[in-house]
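Spelled out, the chains give:
There are 2 protein chains.
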Amino acid sequence: MRISELSDRSGVTVASIKYYLREGLLPEGVRTSPTQAVYDEAHVRRLATIRALLDAGVGIADARAVLATLDDPPAGPHLLLGAAHAAVIPHATGDLDLAAAQALAERLGWQEGDCDTAVLEGLARALQTLERAGFVVSDDIMDAYLAAVESIAAAEIAGTPTTSPEDAVRYVVLGSVLVEPLLLALRRVAEQVASARRFDADTTLS
Amino acid sequence: MRISELSDRSGVTVASIKYYLREGLLPEGVRTSPTQAVYDEAHVRRLATIRALLDAGVGIADARAVLATLDDPPAGPHLLLGAAHAAVIPHATGDLDLAAAQALAERLGWQEGDCDTAVLEGLARALQTLERAGFVVSDDIMDAYLAAVESIAAAEIAGTPTTSPEDAVRYVVLGSVLVEPLLLALRRVAEQVASARRFDADTTLS
Numbered sequence: 002m003r004i005s006e007l008s009d010r011s012g013v014t015v016a017s018i019k020y021y022l023r024e025g026l027l028p029e030g031v032r033t034s035p036t037q038a039v040y041d042e043a044h045v046r047r048l049a050t051i052r053a054l055l056d057a058g059v060g061i062a063d064a065r066a067v068l069a070t071l072d073d074p075p076a077g078p079h080l081l082l083g084a085a086h087a088a089v090i091p092h093a094t095g096d097l098d099l100a101a102a103q104a105l106a107e108r109l110g111w112q113e114g115d116c117d118t119a120v121l122e123g124l125a126r127a128l129q130t131l132e133r134a135g136f137v138v139s140d141d142i143m144d145a146y147l148a149a150v151e152s153i154a155a156a157e158i159a160g161t162p163t164t165s166p167e168d169a170v171r172y173v174v175l176g177s178v179l180v181e182p183l184l185l186a187l188r189r190v191a192e193q194v195a196s197a198r199r200f201d202a203d204t205t206l207s
Numbered sequence: 002m003r004i005s006e007l008s009d010r011s012g013v014t015v016a017s018i019k020y021y022l023r024e025g026l027l028p029e030g031v032r033t034s035p036t037q038a039v040y041d042e043a044h045v046r047r048l049a050t051i052r053a054l055l056d057a058g059v060g061i062a063d064a065r066a067v068l069a070t071l072d073d074p075p076a077g078p079h080l081l082l083g084a085a086h087a088a089v090i091p092h093a094t095g096d097l098d099l100a101a102a103q104a105l106a107e108r109l110g111w112q113e114g115d116c117d118t119a120v121l122e123g124l125a126r127a128l129q130t131l132e133r134a135g136f137v138v139s140d141d142i143m144d145a146y147l148a149a150v151e152s153i154a155a156a157e158i159a160g161t162p163t164t165s166p167e168d169a170v171r172y173v174v175l176g177s178v179l180v181e182p183l184l185l186a187l188r189r190v191a192e193q194v195a196s197a198r199r200f201d202a203d204t205t206l207s
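In order, the protein sequences belong to chains A and B. The first sequence begins at 2 in the working numbering and counts up one residue at a time. The second sequence begins at 2 in the working numbering and counts up one residue at a time.
Each statement offered as a hint is correct.
Where chains are identical, the list cannot tell them apart; a pair therefore holds if satisfied intra-copy or between any two copies.
Within a straight-line C-alpha distance of at most 25 Å, the following computed SDA-like cross-link-like pairs (lysine to any residue) qualify:
{"id": "1", "residue 1": "K19", "residue 2": "L131"}
{"id": "2", "residue 1": "K19", "residue 2": "R47"}
{"id": "3", "residue 1": "K19", "residue 2": "S8"}
{"id": "4", "residue 1": "K19", "residue 2": "R32"}
These aren't lab readings, by the way, just hints derived from the structure by calculation.
Full structure from sequences and hints, please.
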């Protein structure tokens with residue numbers, strides 16, 4: 002199909018398609034003349050994935066890295082998850098103290114070699130952000146966080162399809178990245194519900 | 002103190018301080034001459050909050066809205082949470098189907114009036130992103146998400162300090178926003194641990 006039909010099929014404007022081509026997110030079509038190319042169903046599917054990543058707040062460079070993982074996945078679901086995480090976690094800048102992150106990871110059952118280093122660094126950076134703001138997460142609340150992510154991960158990993166490599170790649174890479182906004186949105190709703198139950202809308206702070 | 006001392010005390014460069022002043026994130030100091038102003042401890046604390054928000058990935062405009070909520074909080078912790086959430090949730094663009102979001106919210110105990118509309122719209126947008134990507138969250142996994150966010154929110158809201166309005170404001174606004182990267186980082190670690198237990202690093206996909 003021509004680029005105009007690709008645009009109709011995918012609901013993505015021609016200008017955006019050209020942008021994704023220039024940015025290397027969408028593979029080139031097959032050239033039929035110096036100014037024309039044809040595209041196929043793989044391009045339609047790829048455009049849906051690109052839009053989903055960008056909608057989820059993933060930047061262009063990170064999206065490129067996630068798509069590269071989809072295109073050339075490391076062998077095995079576990080390595081794949083590491084590659085997907087590494088693609089979306091910002092690179093560490095400056096000194097990070099990994100000790101506190103490791104101590105939390107150990108409470109999640111972490112052992113040396115389980116995790117891509119980028120994942121532990123990402124946790125260390127999140128802790129550093131809280132510390133810089135002088136925001137202390139109480140022990141009770143941290144316990145609740147650890148129990149919650151442990152049950153989330155258990156359900157997610159148990160659900161990884163092993164029927165085909167393509168299914169597993171899609172599930173692991175997109176599931177990890179695209180579900181993040183869902184979890185944050187659900188937490189906000191749950192917070193508001195719990196807050197409405199604890200505090201009347203009229204309660205004022207003394 | 003002069004801007005150079007504010008920079009030393011806060012660890013933020015003079016150039017960045019000037020940028021935050023221009024962007025309206027940091028209040029002006031007291032002018033002592035047309036080219037000089039003096040700053041106080043409130044500026045040091047505010048700079049720590051600004052850096053924490055930006056480190057957590059909050060954009061300049063959203064950070065401005067969160068800081069405005071801190072400066073002029075609505076009366077009552079529940080309204081405050083709504084204002085903090087509304088500040089960081091991107092505004093809805095295009096049509097959103099709220100029915101699926103409402104159905105999930107109801108499973109979290111949501112009743113009409115509990116939530117700021119922006120929060121439900123944020124959930125609807127997260128669901129839309131997954132749907133556009135053709136990514137289906139299974140019932141088992143959605144159950145795990147709902148149970149997890151419910152226990153997180155229960156612990157968080159129970160921990161809201163009511164000792165002083167300032168404490169409550171800081172806890173609710175920063176806790177909701179700054180903890181997001183922590184939760185996502187913990188989930189990644191938990192996923193890697195669960196994945197390492199389920200799949201050998203050598204397992205290849207058949």
